[in-house]
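J.: Listed below, chain by chain, are the residues.
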Amino acid sequence: DAGVIQSPRHEVTEMGQEVTLRCKPISGHDYLFWYRQTMMRGLELLIYFNNNVPIDDSGMPEDRFSAKMPNASFSTLKIQPSEPRDSAVYFCASSLSGGQNQPQHFGDGTRLSIL
Amino acid sequence: AQSVAQPEDQVNVAEGNPLTVKCTYSVSGNPYLFWYVQYPNRGLQFLLKYITGDNLVKGSYGFEAEFNKSQTSFHLKKPSALVSDSALYFCAVRDKLNNDMRFGAGTRLTVKP
Numbered sequence: 021d022a023g024v025i026q027s028p029r030h031e032v033t034e035m036g037q038e039v040t041l042r043c044k045p046i047s048g049h050d051y052l053f054w055y056r057q058t059m060m061r062g063l064e065l066l067i068y069f070n071n072n073v074p075i076d077d078s079g080m081p082e083d084r085f086s087a088k089m090p091n092a093s094f095s096t097l098k099i100q101p102s103e104p105r106d107s108a109v110y111f112c113a114s115s116l117s118g119g120q121n122q123p124q125h126f127g128d129g130t131r132l133s134i135l
Numbered sequence: 213a214q215s216v217a218q219p220e221d222q223v224n225v226a227e228g229n230p231l232t233v234k235c236t237y238s239v240s241g242n243p244y245l246f247w248y249v250q251y252p253n254r255g256l257q258f259l260l261k262y263i264t265g266d267n268l269v270k271g272s273y274g275f276e277a278e279f280n281k282s283q284t285s286f287h288l289k290k291p292s293a294l295v296s297d298s299a300l301y302f303c304a305v306r307d308k309l310n311n312d313m314r315f316g317a318g319t320r321l322t323v324k325p
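Chains as they are written, first to last, in the working numbering: chain G, 21 to 135; chain P, 213 to 325.
Because the hints were derived from the structure by calculation, they are not lab data. A portion of the hints provided could be inaccurate.
According to the in silico footprint, chain G covers these stretches of chain P (three or more CB under 8 Å from chain G) [as the list claims (entries may be wrong)]:
1. 243-254
2. 278-284
3. 315-322
A few chain P positions that, by computed beta-carbon distances, are all more than 10 Å from chain G [to be verified]:
4. E227
5. K289
6. A299
Even for Gly, the Cβ is constructed at its ideal location relative to N, Cα and C.
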């Protein structure tokens, strides 16, 4: 049973470039979450979707960040233009509906380095 | 808004000894509480959760946690630590009104042989 799949696992790019992170949630899960993890700030929720609809994007740091979920099996987080301070590990997680008592299942993350 | 605190950045225990990783929370109303573990270069893995009922919750890998409403705590415990338990542990809280889950800053557990 495949878990949450994220790609790429590592991304190194120069500042100013567009970066696209990808996520495939667990089949049947209708919530999808994007997190950013840094040493300084820990785990931050960026945005989450329910049934492909963005519900809360208040954690998105700037307009340079955007997220989409065109269908139930795919989501992207895009940074354009990227900056060195965006360097972090980005996690995608998914969960079932049925109440707030459902645990989230995390992918292995994308380690992003902006030079 | 809900919040969670993990007062210890680091916990060191000897293998075979009991371990405790502390967590306190703040939420309006009754909380849903979770523990996750993160191994190097991996995502967070769900360990256990408290929803309602028994205050002592048992989870994966022999871990358990005790919900204490009066102290607003949800400490993670294991009777006998293993070296392989060494990892980063996160406590999380979610209130019943929304899906916003708040994570603690994490506690690095090191179990020495």
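J.: Does each hint hold? Answer for all of them.
T.: Now the hints, each set against the structure:
Counting residues of the region 243-254 of chain P whose CB lies closer than 8 Å to any CB of chain G gives 5, so the stated coverage by that chain holds, three being the minimum. Residues of the region 278-284 of chain P lying with their CB closer than 8 Å to a CB of chain G number 0, which falls below the three-residue condition for coverage. Interface restraint, the region 315-322 of chain P with chain G: holds (4 residues with C-beta to C-beta distance below 8 Å; minimum three). The Cβ of P/E227 lies farther than 10 Å from every Cβ of chain G, with a closest approach of about 27 Å, so its non-interface assignment holds.
Residue-level check passed: P/K289 sits 19 Å from the nearest beta carbon of chain G, beyond 10 Å. In this structure P/A299 is separated from chain G by more than 10 Å, as the shortest Cβ-Cβ distance comes to about 14 Å.
Violated hints amount to a single one, hint 2; each of the other numbered hints is respected by the structure.
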